[in-house]
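K.L.:
Could you use the hints to bring the two separately framed chains together as a complex?
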Amino acid sequence: MSQVQGQKTVVFVKSLILYLFMSVGAVFVLFPFFWMIFVAVKPEGQAFSLTVSFAKPLWKNFISIWCDPSYPFWRFFINSVIVATSGGILTTLFCAMGGYVFAKKDFYGKNILFWFLLSTMMIPGMMFLVPQFAIITKLDWINTYRGMVLPHVASVFGIFLMRQYIETVPTSLIESAKIDGASELQIFGKIIIPLSSAVMTTLFLLTFLFHWSNFLWHLVVNTPDSSKLTIPVGLALFRGQYQMDWEKMMAASCFAIIPIVIIFLIAQKFFIEGLTTGAVKE
Amino acid sequence: MLKSKTRETIVSYFFLAPFLAIFASFLLYPIFYSFYLSFRTVSPTTDMFSVFTDMKFVGFSNYLRLLKDFDFWWSLVSTGYYAVLYIPLSIAASLMLAILLNNQLKGHSLFRSAYFLPNVLDMFVVGIIWLFIYAPHYGILDRILTQLGITYFAEKGVLANGKTAMLGVVAALVLKNAGFGMILFLSAIQNISVSIYEAADIDGANEWQKFKSITLPLVVPIILFLIITGTIGALNAFAEIYAMTGGGPQMVVAGKTVGATNVSGYYLFRQFERMNYGDAAAISYFLLAITLVISYINVKLLHRK
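Going line by line, the protein sequences match chains G and Y.
Numbered per my numbering, the first sequence spans residues 76 to 357.
Numbered per my numbering, the second sequence spans residues 6 to 310.
Bound-form chain Y, shown alone (with noise of 0.2 Å):
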C-alpha cells in the first residue's frame, strides 16, 4: 500500500493531465519558444517549407532594431492612448449603469440583460456594424450630426480622420463592453448594507455625499480589477481595429507618417504577417515586459491597502 499522500499525487496529476499537457505544449512551451525566435530572423536563405527551424540566428538585432523604429514607439504611444481613453471610459459608463440599475423598479432585470447583452457578441462582427454607422455622408452618425448642423465629419466620417479614429474605435468598444463592468459594481452595491445608507440619510447626506463617502470606497477593489484589465485588452487589441480602421488612417506625427490607431497588437500582427516572425517575437517579450510592470505597480497599489 503506497503513502496516502503519494497516492493522492498519483491520482491528481492523472486528472490533470489533459490540461496539463495542453497547457505545457501551448501555452509554456510557447512563452520559451517565442524567446528562441525572437533572436532569429526569416533571411532570403531560409527554406519557405520550414520556416521556423531554418531562421538565422542574429543575436539582439531584432531588438535593437524595435528601438530604432519609430512605428515601434508609435504603436506604444497609441496602446496608452487606446489605454487611456477606454479605461476612465469604461469605468464611468459600468459604474453609471450600475447605479441606475440599483433600484427596484419593475423590469430593471430586463434591463440588466439588454446592458450585458453586447458584451457577449463577436468583436470582429461588431467592429464591422460600426463601421458602417461610422460611414461619412451615408453613415447614420453623419446624418443625425448633420442634420443638427454639425458637418465636421461629413467628408471623413469618424475612422478616416486621424483626430476621431481612435475615439470611435474606443466609444463602440466602451458601449460594449460598460455591461460587464456593470454586473461586477452592481454585485458590489448590492453587498452594501441598506442600514449605512439609511444612517447617512439620518445624519443628512445629500445623494453626491452618499456616493462619495459610501459607495465609491467600496468599489475600488472593482475600479482596480478594471483597470487591470483594461490594460490588458489594451495590449491584446486587434479584433477591433483589423475591423474598423486597419491601423489608420494615416497621419504625421514628429514629421513622420504613422497610422492612427496602429495599436501594439495591430503592429505585431502587421509583423507577423510580413513574416517578419522574429520581430514579431521580440516585440511580444516588448509586451511582456511593459505587462509585468504594470502588474508590479497594481499589485504595490492593492497591497497598500
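So that you can see chain G by itself, here it is in the shape it has in the complex (with noise of 0.2 Å):
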C-alpha cells in the first residue's frame, strides 16, 4: 500500500519536474514573441520602463500606425497578403500539376528530370539575387506583384511533397475514371485535387509563409517610393523614422506576426506533417 504510494509520490515530482523544465523552454522560446506585445501596449515614450503601464486605450499604437499618413502601413499589409496568397496559390496549383505526373505517370526523361530537379535544392539561394534581378529588370518588372511572386512560384521542395502524397492515391480509381471517358483534365480536376486537398492546403500554408517573409526579394525588386513594399520591407526602410517610438515599432511589428501566429494556431497540423514529410521520408 505504502509503495504503491510511494511510487505515486515518485511519478507526482517527476511530472511537476518536467512540466518546470518545459515551461522554462517555452518561456525562452516565446520571450521575443511576449515582449514584443508587452512593448506594443506601452505609452508613448516608454517603451523601456518596466513598470507596467498601458497606452489608454490599449490599442492606441496600432491605431496610430495604421493612420499614420506618412507611414502608409495598410498598404504594407495589403501588399504582403496579395504576395503570399498569390504566390501560395500559384506555387500549389503548378507543384500539384507537376508532382501528380511525376507520381502517376510514365514519360520520357522522367527520372532525369526529377533527380535534377532536385539536385538544385542544395544550391544557396544567395546565389540567385543578382541574375534574378537583372532579368526583372530587363523585363522591366521593379515594383510590381509579378516582380515579387513569380521568380519564386517554381518550389522544388513543392514538386516533392505532393508527388510523395499523390503517389498513395488509388491508380486504379484513375484507370476507372479514364474508362467511364474522363479527359486529363478532368482527372486531375476532379480526382487528384479533392483527394489530395489536404496536402494542398499544407503547400500552400508553407509557400503563403514563405513569400510572407521572402524579405531579401522584396527588399531588392522595390525601390524606396514603391507602392508594393511589404510590411518587413516597410519597417526596414522606415526604421529611421521610428527609431525612437520603439512602441510604435512593436505595434508594426505585430502586424506582421500576428496573423501567421493566428494560421499557425488554427492550421498547424498541416504545417508541421508537411515539414515532417519533406525532411524525413526520403
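There could be a bad hint or two in this list.
Said to hold, decoys possible - Once the Cα atoms are required to be at most 20 Å apart in a straight line, the calculated SDA-like pairs of lysine to any residue come out as:
id : chain 1 : residue 1 : chain 2 : residue 2
1  : G       : Lys185    : Y       : Leu25
2  : G       : Lys185    : Y       : Leu33
3  : G       : Lys185    : Y       : Thr11
4  : Y       : Lys10     : G       : Thr246
5  : G       : Lys185    : G       : Thr195
Everything labelled a hint here was simulated from the structure, so no lab data went into it.
P.N.:
See the structure below:
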C-alpha cells in the first residue's frame, strides 16, 4: 500500500519537474513574442520602462501606426497579403500539376528530370540574387507584384511533397475514370485535387509563409518609393523614422507576426505534417 | 493512335509546363547568366538605363580581386563561425526540447505548439525585436544581467560588441528555429519501439546509457539533415544580419578593420547594393563551389553507413 503511494509520489514529482523544465523552455522560446506585445501596448515614449503601464486605450499604438499618413502601413499590409496569397496559390497549383505526373505518369525523361530538380535544392538561394534581379530589371518588373512573386513560385520542395502524397492515391481510381471517358484535366480536377486537398493546404500554408517572409527579394525588387512594399520591407525602410518610437515599431511588428500566429494556431497540423514529410520520408 | 508512352509524355509535359517555364527562366537560366555576369563589370561608360546588357568584359579579374580581398576571406571565416556556433547549438536545443516533450503528460501537445511557433515567424521582424531586447542600458537583457551583478553589456549591449555580436545573432536564431529540429527529432524518437527501452531497463541500463545507445544512433540521419540545412542556412544568412547588426560592429583582425558579423550572404548583398554586380556574381560562384564540396562530404558520410 505505502509502496504504491510512494511510487505515485515519485511519478508526481517527476512530472512536476518535467513541467517546470518544459515551461522554462517555452518562456525562452516565446520571450521575444511576448516582449513585442508587452512593448506594443505601452504609453508613448515609455518603451524602455519596466513598470507595468499601458497605453490608453490599449490599442493606441496600433491605431496610430495604421493611421499615420506618412507611413502607409495599411498599404504594406495589403501588399503582404496579396503577395503571399498569390505566391501560395500559384506554387500550390503548379506543384500539384507537376507532382501528379511525377507520381502517376510514365514519360520520357521522368527520372533524370526529377533527379535534376532535386539536385538544385542544394544551391544556396543567395546565388540567384544578382541574375534574378537582372532579369526582373530587363523585364521592367521592378515595383510590381509579378516581379515579387513569379521568380519564387517554382518550388522543388513543393513538387517533392506533392509527389510523395499523390503516390498514395489509388491508381485504380484514375484507371476507372479513364474507362468512363474522363479527360486528363477532368482526372486532375475531379480526382487528384479533391483527394490531395490536405497536402495542398499544407503546401499553400508553407509557401504563403515563405512569400510573407521573403524579405531580401522584396527589398531588392522595390525602390524605396514603391507602392508595393510589404510589411517587413516597410519596417526596414522606415526604421529611421521610428527609431526612437520603439512602442510603435513593436506595434507594427505585431501586424507582421500576429496574422501568421493565428494562421499557425488554426492550421498547425498541416504545417507540422508538411515539414516532417518533406524532411524525413526520403 | 499514338504510342501510349508518347501520349503520356505529351500530357505530362503539358502538366509540367507552368512549373518548368518558371523554373527554367528564374532558376536554371540565372545559374548560367550569373556565370556570364561574373566575367563582367559595371564600368564608368556603362549605360545606367540598361546596366546588365552594357557591362564590360573583364575576364577573371572579378575572381582574382576577390581572392586578394581581405573582406571576402573574412566573410567566409565569419560564415564558418556562424555555422560552427549555430549548427551544434540548434541541434542540442532541438534534441533537448524533443526529449523533454517525449512524454505523455497532459498538455504536452500545447508545449509542442509553443516551441514550434517561433519557427513560422518573419526573420527580419524577429530580428528587430531582438535588437530591442539586446540594446545596452535600456534593453531588458542588460537590465536583468545588471541586477544579477553582470555589467559586461552595460556599455555596448550584445550586438555592438565584436566579441558577442555573432553569438547574439545566433542565440536569437537558435531560439527561433529550435522547434523545427524538435519536430523532426520527436517523430524519430516516437518511432523507436518502447520494447527496446524496456529491454534496456531489464538489463539495468540508466537514462544516459539508454540515450547514448538507443536514441542517439537512431536520430543520426536527422542530425545529418540538420547539419546540411544549417550549412545552407549559414550561406544564405541575410535577414537576421540586416535586422540586427548590419554586418557590424567594426573590429580589428590581423591589422585590418572588418565587420564582426559580415557573413558571406551579407557581403554579397553589400556588393550588389553598390552595383558591383560582377563581383557579386563571382562571390555566388565561390559560394556554389563551397556548397558542392560540403554536399559531397555529406553524401560520402551518409553512404558510409
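K.L.:
Output the indices of the hints that this structure fails to meet, ascending.
P.N.:
none
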